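With the hints as extra help, turn the sequences into a complete structure.
One-letter residues, chain by chain:
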Amino acid sequence: MTDNAYAIEMTGVHKWFGDFHVLRDINLQVKPGDRVVICGPSGSGKSTVVRCLNGLETHEKGLITVDGHQLTKKRKSIARIRAEVGMVFQQFNLFPHLTVLENLTLGPILSRGMKKHDANERAMEYLERVHIPEQAHKKPGQLSGGQQQRVAIARSLCMEPKIMLFDEPTSALDPEMISEVLDVMLELAEEGMTMVVVTHEMGFARKAADMMVFMDEGEIVETGNPQQFFENPTTDRCRQFLNQILQR
Amino acid sequence: MKSLFKYLLSYVVPIVVALAIIVVVFYFISRNSEPKLQWYVVSPFNDQGLANLKFMWSGTLATLQMSFLALLISIVVGLIIAIPGIAKNRPLRATNYAYVEIVRSIPLLPLILWVYYGMPQIAGVQLDYFWAGVFALALSDSAFEAEIFRAGIQSIPRGQSEAARTVGLNYFQSMIYVILPQAIRRILPALGNQFAYMVKMSALVSVIGLQELTRRANELNTTVYRALEIYTVLIIEYLIIILIIGQAVRWLERKMGNEDGSARRN
Numbered sequence: 154m155t156d157n158a159y160a161i162e163m164t165g166v167h168k169w170f171g172d173f174h175v176l177r178d179i180n181l182q183v184k185p186g187d188r189v190v191i192c193g194p195s196g197s198g199k200s201t202v203v204r205c206l207n208g209l210e211t212h213e214k215g216l217i218t219v220d221g222h223q224l225t226k227k228r229k230s231i232a233r234i235r236a237e238v239g240m241v242f243q244q245f246n247l248f249p250h251l252t253v254l255e256n257l258t259l260g261p262i263l264s265r266g267m268k269k270h271d272a273n274e275r276a277m278e279y280l281e282r283v284h285i286p287e288q289a290h291k292k293p294g295q296l297s298g299g300q301q302q303r304v305a306i307a308r309s310l311c312m313e314p315k316i317m318l319f320d321e322p323t324s325a326l327d328p329e330m331i332s333e334v335l336d337v338m339l340e341l342a343e344e345g346m347t348m349v350v351v352t353h354e355m356g357f358a359r360k361a362a363d364m365m366v367f368m369d370e371g372e373i374v375e376t377g378n379p380q381q382f383f384e385n386p387t388t389d390r391c392r393q394f395l396n397q398i399l400q401r
Numbered sequence: 087m088k089s090l091f092k093y094l095l096s097y098v099v100p101i102v103v104a105l106a107i108i109v110v111v112f113y114f115i116s117r118n119s120e121p122k123l124q125w126y127v128v129s130p131f132n133d134q135g136l137a138n139l140k141f142m143w144s145g146t147l148a149t150l151q152m153s154f155l156a157l158l159i160s161i162v163v164g165l166i167i168a169i170p171g172i173a174k175n176r177p178l179r180a181t182n183y184a185y186v187e188i189v190r191s192i193p194l195l196p197l198i199l200w201v202y203y204g205m206p207q208i209a210g211v212q213l214d215y216f217w218a219g220v221f222a223l224a225l226s227d228s229a230f231e232a233e234i235f236r237a238g239i240q241s242i243p244r245g246q247s248e249a250a251r252t253v254g255l256n257y258f259q260s261m262i263y264v265i266l267p268q269a270i271r272r273i274l275p276a277l278g279n280q281f282a283y284m285v286k287m288s289a290l291v292s293v294i295g296l297q298e299l300t301r302r303a304n305e306l307n308t309t310v311y312r313a314l315e316i317y318t319v320l321i322i323e324y325l326i327i328i329l330i331i332g333q334a335v336r337w338l339e340r341k342m343g344n345e346d347g348s349a350r351r352n
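Sequence lines, in order, name chains A and B.
With this note's numbering applied, the first sequence corresponds to residues 154 to 401, in that order.
With this note's numbering applied, the second sequence corresponds to residues 87 to 352, in that order.
Read the hints as simulated data drawn from the structure, not as lab findings.
Bear in mind the structure is a predicted one, so any value in this text is a computation, not a measurement.
Honestly, I wouldn't trust all of these hints.
[As the list claims (entries may be wrong)] Some chain A residues close to chain B (C-beta under 7 Å, calculated; not the full set):
1. 209
2. 240
3. 244
4. 246
5. 250
6. 312
[Unchecked claim] Taking lysine to any residue and the SDA-like style, the derived pairs with C-alpha atoms no more than 20 Å apart in a straight line are:
7. A/226 / B/256
8. A/229 / B/174
9. B/341 / B/265
10. A/226 / B/254
11. A/227 / B/173
12. A/291 / B/340
[Said to hold, decoys possible] Some chain B residues close to chain A (C-beta under 7 Å, calculated; not the full set):
13. 248
14. 253
15. 255
16. 267
Every residue gets a Cβ at the ideal spot worked out from N, C-alpha and C, and that includes glycine.
In structure tokens form, the structure reads like this:
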């Protein structure tokens, strides 16, 4: 990777689900250390963009380059990119039959060949960082939603990724648990992690984002720095969306 | 102590009560049968009866060994057949489909006869009757196991395998460490069913001469000629075996049910 390379670069990306054109000509550049927040109405394709970035969805047209590696359909290319990219899901997707600690160490042990002891140590470190080391030996089902999502973040961090993707990380949470997850994400942002976050939490966007992206009907309608984006959206669609979402 | 009481109340008592009802009804309808029922031939309280019972009971090991081996093989084969059934690749799915549809359409009794009498003729393979029985039972059951596994694996939310992939697991690692442990817990009742079914179906292997429970009962019947008494005992033998299996499966279910830390529903 050269010095001025982008962490993520999408050029002319298109995707169809059958006849449905979900992504239309997506162009996006993310520099290392950037925090990008993607927002937009549901069905606008924002989750699909994030899922394309680590190969959970394939794109039909265009180029995606992550950390200098081009993403193709080849298993090797996908595996290489997944090694650099962590992902946090709306539904947490913790492994319910394993303890919190085992959830965190499964990846490092199986795909990185770490010793169990070292993996446990690293897992405890990251559990400290998301402020729940005391839950290490519980099963996910015994934790609150907010705690589960923080475990999911720690699980991704245990793979020591260069880039973190968040797909609506607070949308499945009760209101009182949203802030504990956002706080962890803010701390991560302060440490300089490259992040792409799909969220409707505009408070988080104002505090953490370097770049805002507004999507609608599979297109990127508007991008900009947060200040300009929130004060002076240039498109009507974006203005309308922001009005709706900020009125709440 | 309290949990033992609960266990007896919810699992043992219903079965004992149901059996008692059956015995009473049976007693009343058979009271005036002609000729009279002669229970002494299978009664443990006289020497000949006890010897007869012991003779019948001597088939238990063969029945259990054969069912258990066949179950093990059919689970392994079923799992191997189930995996291509959930693949994206069409030819792989077709393989699974063809295997399941064809194998489950073959009736077990003809299959046993075919394996034992037919295979030596076409392939020169002569299995003894124990292994012929195991082979036929396992083959026949593997199609059902494959469908059970497929259903179980498909019932696990997609997010689980997606999460497994994002933490770097490959397909087989995610199957073994993430999907199957959850799927197996869900299909445990169905696997228990198959085991019970297997024990019962193993009776058919008596036709080729394996001395398991049913064969023993037939043999005894040809010498003492008390069909009703002997076959009643035979049914009770199967009943006891399957009740024990049922309890073991339920115990396993309870144990695994608590694994995700959530309370069991019911």
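How the hints compare with the structure:
1. Checking residue 209 of chain A against chain B by beta carbon gives a least distance of about 6 Å; that is within 7 Å, so the hint holds.
2. Taking 7 Å as the C-beta cut-off, the interface hint given for residue 240 of chain A holds, the closest approach to chain B being about 4 Å.
3. For the restraint placing residue 244 of chain A at the interface with chain B, the shortest Cβ-Cβ distance is roughly 5 Å, inside the 7 Å limit, so the hint holds.
4. Annotation: interface hint on residue 246 of chain A holds; nearest CB of chain B at approximately 4 Å, less than 7 Å.
5. Interface restraint check for residue 250 of chain A: the shortest CB-CB distance to chain B comes to about 5 Å, inside 7 Å, so the restraint holds.
6. Of the supplied interface hints, the one on residue 312 of chain A holds, with its beta-carbon coming within about 6 Å of a beta-carbon of chain B, less than 7 Å.
7. For the suggested pair residue 226 of chain A and residue 256 of chain B, the alpha carbons sit about 15 Å apart, so the restraint of at most 20 Å is met.
8. Restraint check for residue 229 of chain A and residue 174 of chain B: satisfied, since their Cα atoms lie roughly 18 Å apart, inside the 20 Å limit.
9. The hinted pair formed by residue 341 of chain B and residue 265 of chain B meets the criterion: a straight-line CA distance of about 18 Å does not exceed 20 Å.
10. Among the hinted pairs, residue 226 of chain A with residue 254 of chain B is consistent with the structure: their alpha-carbon atoms are about 16 Å apart, no more than 20 Å.
11. The hinted pair formed by residue 227 of chain A and residue 173 of chain B meets the criterion: a straight-line CA distance of about 17 Å does not exceed 20 Å.
12. Among the hinted pairs, residue 291 of chain A with residue 340 of chain B is consistent with the structure: their alpha-carbon atoms are about 18 Å apart, no more than 20 Å.
13. With its C-beta approaching chain A no nearer than about 6 Å, residue 248 of chain B sits inside the 7 Å limit, and its interface hint holds.
14. For residue 253 of chain B, the interface hint holds, since its Cβ comes within 7 Å of a Cβ in chain A; the closest pair sits about 3 Å apart.
15. Hint status for residue 255 of chain B: holds, given a least beta-carbon distance of 6 Å to chain A, under 7 Å.
16. A least Cβ separation of about 5 Å between residue 267 of chain B and chain A falls short of the 7 Å threshold, and the interface hint therefore holds.
Comparing the model with each numbered hint stated earlier shows that all of them hold.
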